[in-house]
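Asker: Letter by letter, the chains look like this.
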Amino acid sequence: MTTMLRAVKPIIVKEFRQIRRDPTSLGMLLVLPAVLIVLVGYALNFDVKHTPLVIYDQDRTVESREFLDKFIQSEFFDYRFSAEGYGDIEEHFLHGRASIAVVIPPRFARTLIAGNDVRVQILVDGSDANTAGQAMATAVRLTADYATNVVAAAFARSGRQLYVPVDFQPRVWYNPDLISSKFLVPGLIGFIIVLTAVISTSLTVVREKERGTMEQLMVSPLRPVQIVVGKTIPYVAISLVAATAILVLGYLLFDVEVRGSILLLYAAILTIILGALGQGLLISTVTDSQQVAFMMSVFSSLLPSFLLSGFIFPVASMPVVLQVLSNIAVNKFFLVVVRSVMLKGAGFDAVWPQFVYMIVFALVMLGVSIKRMQKRSA
Amino acid sequence: MNGNAIEVRDLTRKFGAFTAVDRISFDVRRGEIFGFLGANGAGKSTTIRMLCGLLAPTSGTARVGGFDVRTQTEQVKLNIGYMSQRFSLYDDLTVAQNIRFYGGIYGLNDARLRERLAWVLRMADLEGREESLTRTLAGGWKQRLALGCAILHEPEIVFLDEPTGGVDPISRRNFWELINRLSAEGVTVLVTTHFLDEAEYCNDIILINAGRLIAAGSPAELKSTHITNPILEVRVDEAGIVGALETIRVSPWALETSVFGTALHIMVGDETEGKRLIRQTLAAAGVAVHRIERIVPSLEDVFLYLLDQEAVKAGTEKG
Numbered sequence: 003m004t005t006m007l008r009a010v011k012p013i014i015v016k017e018f019r020q021i022r023r024d025p026t027s028l029g030m031l032l033v034l035p036a037v038l039i040v041l042v043g044y045a046l047n048f049d050v051k052h053t054p055l056v057i058y059d060q061d062r063t064v065e066s067r068e069f070l071d072k073f074i075q076s077e078f079f080d081y082r083f084s085a086e087g088y089g090d091i092e093e094h095f096l097h098g099r100a101s102i103a104v105v106i107p108p109r110f111a112r113t114l115i116a117g118n119d120v121r122v123q124i125l126v127d128g129s130d131a132n133t134a135g136q137a138m139a140t141a142v143r144l145t146a147d148y149a150t151n152v153v154a155a156a157f158a159r160s161g162r163q164l165y166v167p168v169d170f171q172p173r174v175w176y177n178p179d180l181i182s183s184k185f186l187v188p189g190l191i192g193f194i195i196v197l198t199a200v201i202s203t204s205l206t207v208v209r210e211k212e213r214g215t216m217e218q219l220m221v222s223p224l225r226p227v228q229i230v231v232g233k234t235i236p237y238v239a240i241s242l243v244a245a246t247a248i249l250v251l252g253y254l255l256f257d258v259e260v261r262g263s264i265l266l267l268y269a270a271i272l273t274i275i276l277g278a279l280g281q282g283l284l285i286s287t288v289t290d291s292q293q294v295a296f297m298m299s300v301f302s303s304l305l306p307s308f309l310l311s312g313f314i315f316p317v318a319s320m321p322v323v324l325q326v327l328s329n330i331a332v333n334k335f336f337l338v339v340v341r342s343v344m345l346k347g348a349g350f351d352a353v354w355p356q357f358v359y360m361i362v363f364a365l366v367m368l369g370v371s372i373k374r375m376q377k378r379s380a
Numbered sequence: 003m004n005g006n007a008i009e010v011r012d013l014t015r016k017f018g019a020f021t022a023v024d025r026i027s028f029d030v031r032r033g034e035i036f037g038f039l040g041a042n043g044a045g046k047s048t049t050i051r052m053l054c055g056l057l058a059p060t061s062g063t064a065r066v067g068g069f070d071v072r073t074q075t076e077q078v079k080l081n082i083g084y085m086s087q088r089f090s091l092y093d094d095l096t097v098a099q100n101i102r103f104y105g106g107i108y109g110l111n112d113a114r115l116r117e118r119l120a121w122v123l124r125m126a127d128l129e130g131r132e133e134s135l136t137r138t139l140a141g142g143w144k145q146r147l148a149l150g151c152a153i154l155h156e157p158e159i160v161f162l163d164e165p166t167g168g169v170d171p172i173s174r175r176n177f178w179e180l181i182n183r184l185s186a187e188g189v190t191v192l193v194t195t196h197f198l199d200e201a202e203y204c205n206d207i208i209l210i211n212a213g214r215l216i217a218a219g220s221p222a223e224l225k226s227t228h229i230t231n232p233i234l235e236v237r238v239d240e241a242g243i244v245g246a247l248e249t250i251r252v253s254p255w256a257l258e259t260s261v262f263g264t265a266l267h268i269m270v271g272d273e274t275e276g277k278r279l280i281r282q283t284l285a286a287a288g289v290a291v292h293r294i295e296r297i298v299p300s301l302e303d304v305f306l307y308l309l310d311q312e313a314v315k316a317g318t319e320k321g
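Quick note, the sequences are listed as chains A and B, same order. Take 3 as the starting number for the first sequence in the working numbering and just add one per residue. Take 3 as the starting number for the second sequence in the working numbering and just add one per residue.
Check the hints yourself; a few may be wrong.
[To be verified] With a straight-line cut-off of 27 Å between C-alpha atoms, the simulated DSSO-like cross-links for lysine-lysine are:
#, chain 1, residue 1, chain 2, residue 2
1, A, Lys211, A, Lys51
2, B, Lys16, A, Lys211
3, A, Lys184, A, Lys373
4, B, Lys16, A, Lys373
5, A, Lys373, A, Lys211
6, B, Lys277, B, Lys225
[Stated by the list, open to error] Some, not all, of what chain A presents toward chain B, calculated at C-beta under 7 Å:
#, residue
7, Thr113
8, Asn177
9, Gly214
10, Thr215
11, Ser222
Because the hints were derived from the structure by calculation, they are not lab data. Since we're looking at a predicted model, the values are computed, not measured. Virtual Cβ for every residue (Gly too), placed ideally from N, Cα, C.
Could you put together the complete structure from these sequences and hints?
Answerer: Here is the structure:
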């Protein structure tokens, strides 16, 4: 065992030296995670706030003012314009100056006081479906609030208490403010690790093949497993540093804390790193060109991690075929573990099936790669 | 164990239906320089890869340093050094880092590594350039550094696969001096090359063509056994050389004709008669002859002759 490790050490030292001398790979391994977390955390934001609002008040009474104030004071909307007709609204929508409009009909106050139904119109720019959906939901909620108040006031005037048969008491667990960075940052760890580990591992091996140094290693007494261990340990270390950087930045910039066990979290991170390294090695055994290796790495890591893992798009809302296909994305299982541990504080008992899958994935990838390397040398 | 460092018997390697190496047998004596010649694609590299344990033979046996390349790969690897024409160094590491790396994977301890590092630097004439990046070195230095890294662990047997490709003639000469020195120290050197002048430095040579061994022996033996007829070197005007070749090639008395630079080498049955016929034929063709003289055949003459014979044999076999 000690002789086995003694021969591995020079490879590790060499690998670190090469990484240090290669600004591109170093940049990819350490700067990319930092850039991505800032980008994803700030730009990839599903929280709809400050939607530009235009109002068209055809009543202009105290009541209509009171109703509109609910919208104007809400942080979800930014009151921008007052329209004088539907033409104005369309104009603002077309120029992207507003995405939601509230239209108060004439005789709003009078109809209300008479105890009749009033129809308030909400117009939404649907070209951004996500914003439109959330803005609409908020508008409906604000309108319902107002209506309840009106009914309550009417009941009070007649000396009765308003009776609500079913009370709605929403309470969001684990991420009470529904902040999307809390949901995205954990996912980002898996995304970045898989992407960088697969690419850097496949390239480091294929580069040696291109230069002929792999052949030189193969005629040495080193065994394939020693070459693999020596070449991957530096990337395990760098990936762990990158994951830690994301955790720290996530905490500092977006208040994303780790509620569960840090140890469990790192166990999950280490497992997915090993799987990704195995995937990179496997790619390096099927191609001799850095370009092909790069393309294969990007396709096999980026696409599943981004589209199929549930990082951004929930797996449950995918068509059945894609749901089945999503199982090839090891990140899907990692995400469940990381979100559970970080946000919910879940323990191993809650996430062990995902762990089993990740361990199997890593073993298969590493096993097949080493087998293929041995076959080459035999 | 007897005096052979390498023993190869009926070694064969197939890639699908293609036979890259076809039942080759030869012995390499301890401490000799053994030349392995053949055109590109003749099967030289495939054979070396089998001897180094990089590639399993399809059939046949090979023992390197007394160890079977099929079953004792690890012992084989510990006893050999290997250097390919690609000078497998890490361009982005310094000279000293390359040496330390290769020393490390062969398990050299610190004291021995220090000693060998100094030795390689001296041998490769790289003293004072330890901290230079390898990519900044010129071909000859890279070549010697690659050799140094391949023999850091002082192997008994060294395989050099086209080691002089892509370097200038002076570096080639220096490199052969290093090979001679190694051999003098008792190291067995098996070297492939397609430079026939380099083959003259070898104690023994084999020539392979299309995966088959077609000749073996020392350079002197090869010259005397295969070529018994006189070879005449004919110098003509540079402008007339193509015409002269065409005219003589079709003459029945010219057994073998080839161009060497600005001269023709013609094998004839008899020296005096040959000279007369050449003068007569070229005069009739209007080509001015400067000089005709009998020469000692070079290895190149021998190999071109042998390869020609092979081509004729292959032609008759097919026809």
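Asker: Of all the hints numbered above, which does this structure not satisfy? Sort the numbers upward.
Answerer: Going through the list in order, the structure violates hints 1, 3, 7, 8 and respects the others.
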